[in-house]
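Taken in order, these protein sequences are the chains called D and R.
The C-terminal position of the first sequence is numbered 267 in UniProt numbering, with every residue numbered one higher than the one before it.
The C-terminal position of the second sequence is numbered 222 in UniProt numbering, with every residue numbered one higher than the one before it.
Derived from the structure by calculation, the hints contain no laboratory data.
Careful: at least some of the hints might be erroneous.
Coverage of chain D stretches by chain R, computed from C-beta distances (three or more under 8 Å per stretch; other residues unrestricted) [what the hints assert, rightly or not]:
#, segment
1, 179-186
2, 191-204
Partial list, derived from the structure: chain D residues whose beta carbon lies under 7 Å from chain R [what the hints assert, rightly or not]:
#, residue
3, Asn-116
4, Lys-118
5, Leu-130
6, Tyr-131
7, Ile-155
8, Phe-159
9, Gly-166
10, Pro-167
Model, not experiment: these values are computed from the prediction.
Using N, Cα and C, we set each Cβ at its ideal position, and we do this for glycine too.
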Amino acid sequence: MLANPASGRLAAVLRSIQSGTSPLGAAAHSPNVIASGARGRRGMSLATNPAAQPLMLYTAGTPNGRKVSIMLEELKAMYGLDYDVHPINLGANEQKEPWFLALNPNGRIPALVDRNRKDFVVFESAAILLYLAQRYDTQRKFGFEPSEDEYSRMIQWMFFAHGGIGPMQGQLNHFARFAPVDIPYAKARYLDETKRLYGVLDIRLSDRDWLAGPDNGTYSIADMNALPWVFGHQFGGIETLDEWLNVKAWVERCSQRPAVRAGLQVP
Amino acid sequence: MSHGKHFTLYSHTGGPNPWKVVFLLKELGLDYEPVYLDFQKGEHKAPGYLKVNPNGRVPALIDHKNNDFTIWESGAILLYLVDKYDTEKKYTSTNETEKYQVIQWLFFQVSGQGPYFGQAAWFQVFHPEKIPSAIERYQNEVKRVLGVLESVLSKQEWLAAGKFTIADLAFVPWNNGISFLLGPDFNFEKEFPFTYKWHQKVLEVPGVKAGLAEKDRLAAAK
Chain D
1 MLANPASGRL AAVLRSIQSG TSPLGAAAHS PNVIASGARG RRGMSLATNP AAQPLMLYTA
61 GTPNGRKVSI MLEELKAMYG LDYDVHPINL GANEQKEPWF LALNPNGRIP ALVDRNRKDF
121 VVFESAAILL YLAQRYDTQR KFGFEPSEDE YSRMIQWMFF AHGGIGPMQG QLNHFARFAP
181 VDIPYAKARY LDETKRLYGV LDIRLSDRDW LAGPDNGTYS IADMNALPWV FGHQFGGIET
241 LDEWLNVKAW VERCSQRPAV RAGLQVP
Chain R
1 MSHGKHFTLY SHTGGPNPWK VVFLLKELGL DYEPVYLDFQ KGEHKAPGYL KVNPNGRVPA
61 LIDHKNNDFT IWESGAILLY LVDKYDTEKK YTSTNETEKY QVIQWLFFQV SGQGPYFGQA
121 AWFQVFHPEK IPSAIERYQN EVKRVLGVLE SVLSKQEWLA AGKFTIADLA FVPWNNGISF
181 LLGPDFNFEK EFPFTYKWHQ KVLEVPGVKA GLAEKDRLAA AK
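Isolated chain D (complex conformation):
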């Protein structure tokens, strides 16, 4: 599913003209001008300059790709920020072609190209989330002030999911679905570890709604970072989340967000 860049940008510019805070003129040619405080026709804050270029996401229909599309959908809903999608054909090993390796030498998706910053490239899904939060979430709706302890907690849970759940559930998926040789030990090893990791999430979510944030927690990129993996639990053979009721409730809570539902469909 490709975002339609032209109509998105045009609509955003029209909104700013109608609100009387049009950045047209000299400012429109400078992608670094932020039209902060501008209110579009639907009352959304156009904190991002509507003349800004859409971000380019190289991705595929996998959990790591979807973490980023969820965040981009959230940024689109909140700020009118647009993005383009270039689906990479993993079956044809497109991610190992020289042109893509020039963007990400690791040859994996996702990779983000920021056309507003001289085509600055970021790979590693969690790093992309942090980059997007810092550069585009100007009202800190999806994260915390970097100087706060809550920010460090958010980072901790992001590393937990990125270094733990992702690779371990990834190995589960490999041995359950893709390995040419059936190895019961390996399937059991990664199933046990994935379940153990879900258990850790369950403990965290036993007294709060979201992975990071004070008190009951605040929805943040820490949740976006973990959700697509847990959401895909059936693929590797974990039939239900009934063993981890707090995690189950959290998945349902995340899924109520339109941007999450939209992002999980991209591409």
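Guided by the hints, dock chain R onto chain D, whose structure is given.
Structure of chain R alone, referenced to chain D:
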């Protein structure tokens, strides 16, 4: 904790991850009290430690000068230390955008190198049964990751920001164990010359050198 040091670091004498934190603590001149958990005795899964880190793994760091703030996941600890205590930003980029390249490589290390080199170690060394296809899968991935590093380090001296950062530091412990993973016949220098050269350079960074010396002393004392 009455040791009077700035930090308590839950650690392990043999495992790779706590030592990344040791290297940075030494580079930043910060004092810490190491607590080595005995995995054979299950100390890392004991209720007392699970209160510190519900994931039951090391490292975990307690900052006694910040209300005993506790943080686990080595990558998160490195970023915490840099954010709070690396005032000159010597170990990360001072450029707000370029900083994300340091973070990018750090996430690649914790997800692409660590877990895969770890599985290679498991199937090659620790698992009682030798499963050829599993050993091959993870050894191939070790070589693939070294190849990725090689493709970058053949063109630039450091992974990010044009200087030594926590991104380079993070790869040390596992890269130091290549012969453990791929066997003594594997010639690291010949197969991945630029990566080898970079690794040798990082080994000379004072905090890294001191940290590895400390690790070796502990291993010898056992």
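Comparing the hints with the structure gives:
no.: 1; hint: 179-186; result: holds (count 6)
no.: 2; hint: 191-204; result: holds (count 4)
no.: 3; hint: Asn-116; result: 11 Å, violated
no.: 4; hint: Lys-118; result: 9 Å, violated
no.: 5; hint: Leu-130; result: 6 Å, holds
no.: 6; hint: Tyr-131; result: 4 Å, holds
no.: 7; hint: Ile-155; result: 5 Å, holds
no.: 8; hint: Phe-159; result: 4 Å, holds
no.: 9; hint: Gly-166; result: 6 Å, holds
no.: 10; hint: Pro-167; result: 4 Å, holds
Checked against the numbered hints given earlier, this structure breaks hints 3 and 4; the rest are met.
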